[in-house]
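Q: Chains as they are written, first to last, in the numbering used here: chain A, 1 to 320; chain B, 1001 to 1320; chain C, 2001 to 2320; chain D, 3001 to 3320.
Just so you know, the hints here were simulated from the structure itself, not pulled from any lab data. Mixed in with the good hints, there may be bad ones.
What the hints assert, rightly or not - Partial chain C-side listing against chain B, Cβ under 8 Å, derived:
1) Ser2064
2) Gly2065
3) Asp2307
To be verified - Residues of chain B placed beyond 12 Å of chain C at every Cβ, according to the derived structure:
4) Glu1045
5) Asn1050
6) Tyr1131
7) Lys1149
8) Glu1156
9) Lys1177
10) Ala1216
11) Glu1220
12) Tyr1224
13) Leu1247
Virtual Cβ for every residue (Gly too), placed ideally from N, Cα, C.
So the chains spell out like this:
Number of protein chains: 4
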Amino acid sequence: MKEVWDKIEDLRYKPDMKVKDLVGDFDRLGFQSIQVHRAVELIKEMKKDNAKIVFTFTSNMVTSGLRGLFAQLIEMKFVDVVITTVGSIEEDFIKAHGNKFVIGEYHVNDTKLSAKGLNRVGNIYIPTDSYIDFEKNVRPILEKMYAGKKIWTSAEVIRELGKNVKDKNSILYQAYKNNVEIHCPAIMDGALGIQLASFQMEHPDFKVDCVQDLNAIINEFFDYKKIGCIVLGGGVPKHYAILSSILRDGMDYAVYITTASPYSGSASGASTDEARSWGKLKGTANAVTVHGEASIVFPLVIFKALDDLKFSKKTKAKKN
Amino acid sequence: MKEVWDKIEDLRYKPDMKVKDLVGDFDRLGFQSIQVHRAVELIKEMKKDNAKIVFTFTSNMVTSGLRGLFAQLIEMKFVDVVITTVGSIEEDFIKAHGNKFVIGEYHVNDTKLSAKGLNRVGNIYIPTDSYIDFEKNVRPILEKMYAGKKIWTSAEVIRELGKNVKDKNSILYQAYKNNVEIHCPAIMDGALGIQLASFQMEHPDFKVDCVQDLNAIINEFFDYKKIGCIVLGGGVPKHYAILSSILRDGMDYAVYITTASPYSGSASGASTDEARSWGKLKGTANAVTVHGEASIVFPLVIFKALDDLKFSKKTKAKKN
Amino acid sequence: MKEVWDKIEDLRYKPDMKVKDLVGDFDRLGFQSIQVHRAVELIKEMKKDNAKIVFTFTSNMVTSGLRGLFAQLIEMKFVDVVITTVGSIEEDFIKAHGNKFVIGEYHVNDTKLSAKGLNRVGNIYIPTDSYIDFEKNVRPILEKMYAGKKIWTSAEVIRELGKNVKDKNSILYQAYKNNVEIHCPAIMDGALGIQLASFQMEHPDFKVDCVQDLNAIINEFFDYKKIGCIVLGGGVPKHYAILSSILRDGMDYAVYITTASPYSGSASGASTDEARSWGKLKGTANAVTVHGEASIVFPLVIFKALDDLKFSKKTKAKKN
Amino acid sequence: MKEVWDKIEDLRYKPDMKVKDLVGDFDRLGFQSIQVHRAVELIKEMKKDNAKIVFTFTSNMVTSGLRGLFAQLIEMKFVDVVITTVGSIEEDFIKAHGNKFVIGEYHVNDTKLSAKGLNRVGNIYIPTDSYIDFEKNVRPILEKMYAGKKIWTSAEVIRELGKNVKDKNSILYQAYKNNVEIHCPAIMDGALGIQLASFQMEHPDFKVDCVQDLNAIINEFFDYKKIGCIVLGGGVPKHYAILSSILRDGMDYAVYITTASPYSGSASGASTDEARSWGKLKGTANAVTVHGEASIVFPLVIFKALDDLKFSKKTKAKKN
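In isolation and in its complexed conformation, chain A is listed as follows:
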């Protein structure tokens, strides 16, 4: 047990305060605000230690509008590997084609909403037209791909989509342009899956081999000297990130931002300590969990980290 402790200090409002100063003040507040601050410090430590950053998120984060920020983190080479669910891929592609999602309410008549051509995700509505557009735009890409070869990996499929969009706010576009691999271990679980399945109906020798994807990421992780993960939400992306590090004895750093609790034993709610017992996080690794919703918490964490690291200036300097 530590002998010297930081003290709680009373927070004060100052006009026109900067995000970095508010989150700076969180270092002396308790509960989840100090966790936000600790997450920032750990991310700064990862970067200073030149750890590769594995960044995972579920598709609802892309639905929410954090997409632009994610694309920026890829563009700035702040993150090195992305793992997500297929909803992220298709929604990013849909938005890159100019379709707009709308802000709505959690409680509506969903049958009426459906009749109006809107599909709900929490308090966001996605127009059904977006998916018609998606189908129309994906099809020619699949045809071109098929002309080239018959068996693809998930990561290759995603890369082809990225090659075919141009939007600075697109995750697919920035990943393609900046050679950042996007992994999607459940690529069939969404509208893209339905397109792939429908394409295979007509071209039975068209295959997506999901085995090779795992080999690729395991080998990649093996080559890294240090790895940290930043995990938004749970699900398959979270588990796949830490699983893929198991053969190299686990992650060196981990930041989790989650609303799930550990009591049901779900992977989504599993703590960083649980990961330690599996060797998915090193016994000596530093880890921080923030219990909160990512659309609020993640901008606070990452804006402060980027400001403190003067990351965007460095990025510019490097580019010259």
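Assemble chains B, C and D onto chain A, guided by the hints.
A: Just chains B, C and D, lined up with the frame of chain A:
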């Protein structure tokens, strides 16, 4: 708005009460107890309507010991299709080979636990030896498979595992024996994935094609006159179930048992109403959500439903 | 760390199973089901150790219909002290006068519901008429009380209400009849508070002194050799129970059943370990927390404990 | 259903961004970030409508270090009435006497922590010495009070404590100085309660009458033309605020910031819609709920509202 309502009645303890009588009394209690009762009634309605039952669960439910009950539901042909995560597959296989999991605590020193060869899932510990055993037992199956053909679907891989175990409490065994298909859209996200990946390293033409799996389930669902889903927890299995029903205009019935909340917009926490807006649940469909942990809630729900339907007797009768 | 562990066993359905057998099987399941089993065992240990039982619940449990069971526990002298919120007091009184609550839905048009004379608590509706009835019935009791003396404690006010109802399912009635004290540290926070306030407007020397209540409970706890608490939900009742034990160095046993999580630092979500740091729970005390909703979890826990202790038979025997 | 909707816009990082600009951008993000923005807009509307602001919080918020901000809101006359739990009162008093709380961890050995003289609230530790100091400092105040009169209300007791401290970051001090009433419906449920109880042991005619407090607040609310409430967390303060508005037909505005969910029917998790059914919130009232932890969410909400309203400048101008 309804004009006639059921009234709350005071619950009374009676010695040696049966589960079916307690859950019967839940019909006059509020909050989640009435939801348990409503879930039972809806499942009974599904069965009376001869709806096919799609049953989804995440791997922690198998870890918890509900596995025997799941195997029984398959054996009794109470459920028609199973969708789960790969952890369920590998843990079922591990247990079918006689390995035992142990009951522990949520808060322990996980680094010490790891040193003792134990891996934690909530308050359950899985011996590391189980996975060594898993590797040893899976390898020859993969070799035999590979001798037959090079490209497999996820469902076929799982079926081969089922062919090679014999344990009445095994989901894999009962599914194989009773011709119930198990779908696993993220088959690479676990120890089985690592085995498949490692096998492919040596046999590069060995592939698992995940596209064909989706085609199979979509077609299966198309053929069903009525479908209901029973969804334990969230994640990919939940979403894949309702997604696969979208081309047939959605599920006819849905029961969700979950600890996730809808506020973060996650698929795990998405309500049955949200599914309606997507056409993943029919506008007119009946749906019930129980907010609770499945290791407590599901036995209550299903024991009562089986008792009321006298399902085990009917099953026996049919067998003769 | 323990060296010998219980093993997970596969749960199996058997027709017409008893609650005690299902909860018995929970001893080999993980996550919250084993917590239910541990809660049962701890309550049995409390009773065998002749510990006095402090029983706390929030008013929603009374709304839900657990009221009859609570009254029974008082009647059977299973619990020795009750701490609750004022909603419990007024709703118990209202139900004792024959008013019925109705079972509804979580999502309705609440403005319309209000127009129909219904007030919502989760998925339960309480008719506004109940409160008119409450006012009518409480007034004469206050007048009679005032004729006797001017300054009352909360516990005395509650006792007077209990003296004036007759209903075997009533907590107030059984507490009065069986000399079990009901404490209500926030007695003003409800319809009873409004009645007391309105009575004081006309009789300014009518007072409710809340200080004496705390002295009474602290002294009571001092006299007990051993104390255990069974805490349903959080709020003031939970905190008041453990606070009142602080001068006797804390509770000897504690069972919490809750849906709150510890991350926000709230008293409702505070763990039994946190209570230990305050001396509100002895360092050596046994404690179990079940994360779940009480309308499902509490009947399972208490039915099993009563069955195993053959408590109702003992009670009968004692009465003879 | 609305016909015109706001569109989701991609969030972008900009160096050294201000809180007001980030929260401004939340107007185009989904899930809880848009709820934060809506909460800000509703608070601005309350102020522009000259509504009186009822501000409620539980004691953990004071533990966390939000205390300084709360004191500032009172000093700036941004809030008109405060309702809280007694932990807030005693911790504010303790801090005003120079005692410091320390920032710790959620998972520690709490028995060892206790042995070191530390008491835990989530990830904050409070030295036991603080309470010895509290006792020493409160006693003379009670003696002086008793010399004046024998029967006190809760609000009067709290006011006397405020009269005896001097600290710009103190809620008690600023409330006393600025004539803002602090209500505490469960004043006995904490260390102050124990002091009051112990004082009464020696002076049996010393009383705290909690009935008069409710009359005072009801009358106060009656006089207000418009009222809005800002509710952090749940518990008695939340319920007492909306209850006290019932005789004037409910609040005109409500902002809830909470981590509790509505499924258990608790008052803490009750939605603003539920309040409408009771007439505790007007049918036509505007209301916003943010699901999140207040130590993160509240500074974002209130800093943005104060910046947009240029409240601190107005305050200064008014003072001249």
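Q: For each hint, tell me whether it holds in the structure or not.
A: Here is what the structure says about each hint:
no., hint, verdict
1, Ser2064, "holds, 4 Å"
2, Gly2065, "holds, 4 Å"
3, Asp2307, "holds, 6 Å"
4, Glu1045, "holds, 18 Å"
5, Asn1050, "holds, 21 Å"
6, Tyr1131, "holds, 16 Å"
7, Lys1149, "holds, 33 Å"
8, Glu1156, "holds, 26 Å"
9, Lys1177, "holds, 16 Å"
10, Ala1216, "holds, 29 Å"
11, Glu1220, "holds, 26 Å"
12, Tyr1224, "holds, 25 Å"
13, Leu1247, "holds, 28 Å"
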